[in-house]
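A.B. asks: Sequence:
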Amino acid sequence: MAYKHITAKEFAKLDFTKITIVDLREPDEVLVKGFEGAINIPFSEFYSKLDDVPKEKPVYVICRTGDFSEQIAEILDDRGYEAYNIDGGFNAYVDAVQNAEPVFIDAKGLKCPGPIVKVADTLKTLEYGQKVYVEATEDAFASDIRVWCDRIGNKLLDIDAKPADIKATIEKAKKEEAPAGERPHGKNFVVFSGDLDKTIAAFIMANGSAAMGRDVTVFFTFWGLNILRKVQKVKVRKTLIEKMFGFMMPRGTKKLGLSRMNMGGAGAKMIRWIMKKKGIRSLEQLIEDAKEHGVRLIACQMSMDIMGIRQEELIDGVELGGVATFLGAGEQSDMSLFI
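Take the sequence shown: its letter number 160 is residue 168 in this note's numbering, and every next letter is one higher.
No wet-lab data here; the hints were simulated from the structure.
Quick reminder that beta carbons are idealized off the backbone N, C-alpha and C, glycines included.
Misleading hints may appear alongside valid ones.
[As the list claims (entries may be wrong)] Pairwise CB distance ranges, derived in the manner of DEER restraints:
#1 Glu109 <-> Lys243: 34 to 44 angstroms
#2 Val155 <-> Glu44: 16 to 26 angstroms
#3 Ala108 <-> Phe253: 20 to 30 angstroms
[What the hints assert, rightly or not] Listed below are the simulated DSS-like cross-link pairs for lysine-lysine, each with C-alpha atoms no more than 27 angstroms apart in a straight line:
#4 Lys284 <-> Lys175
#5 Lys65 <-> Lys241
#6 Lys263 <-> Lys251
#7 Lys170 <-> Lys284
#8 Lys299 <-> Lys263
#9 Lys26 <-> Lys182
#10 Lys175 <-> Lys206
#11 Lys241 <-> Lys251
#12 Lys139 <-> Lys182
Given only the sequences and the hints, what does the whole structure look like? Please build it.
C.D. replies: Listed below in structure tokens is the structure:
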């Protein structure tokens, strides 16, 4: 018997993206509480579906109590797999997760949407039933975490909300399937303005929506296209009118002014200085955060043609689209905002 053993407690600490989990329980058991990305092959069907188990990663076999999984781990080992049996099975795993210390998240000093984004990113790496303990100093986090848990379906086990000292314990719960016919919860933003303050607000909301697991689309049109322009000048062939447009418009986020009290650019510099002093992520960081979390940035092709902006002048990660793209995203959303 060359296959390996691992305790449920050790198994709970693994990075499940780097292993293959074979769950031998019946489908109805898995539906109630399972492992994200696991291969479900009931024990009674395993011999006919052995070829469904890939060999690229170590294989961890689990059943309800650890008895059936021992047999399957031995068979897999005989066939050249790096196989592990989880001692005690799923029952032991549940006990290990429930009794484990919560993962600590230090969100102190982070400003909206930073605390919620950090909680969401951490929970993505955990399995259902695991807990996190968060400490934050932004007063709005007390309300945000309640709403976030309610909308996502995670359990807010405890919260202690004192001014500038918020402590919360959250358990990752399995997301329930949406009822048939329910409208999708995507978020759709149209950015028409090229003002710094309005753009910051748009990306704070976009990142917050992404942290709630929503599909987010940000559609840039007319003056909003300047947000997507590269800072450095790009050599492209243009007509005289297009060159004049390009000269008069701000090139990139660093050149954006405020919608009010811009004061020849001094207002924008003051806003950036205050954001930095208070630990608020810059507009440029918010844009990178959005791209990393799957937010779609779409530039209106028609507006680009009118204003003489070429695709080569746009920052990386921007798609081109038209009205159908915008309307399609809107139909998959329960909220559309025009900024």
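A.B. asks: Hint by hint, work out which the structure violates, then give me just those numbers in ascending order.
C.D. replies: 1, 3, 5, 10
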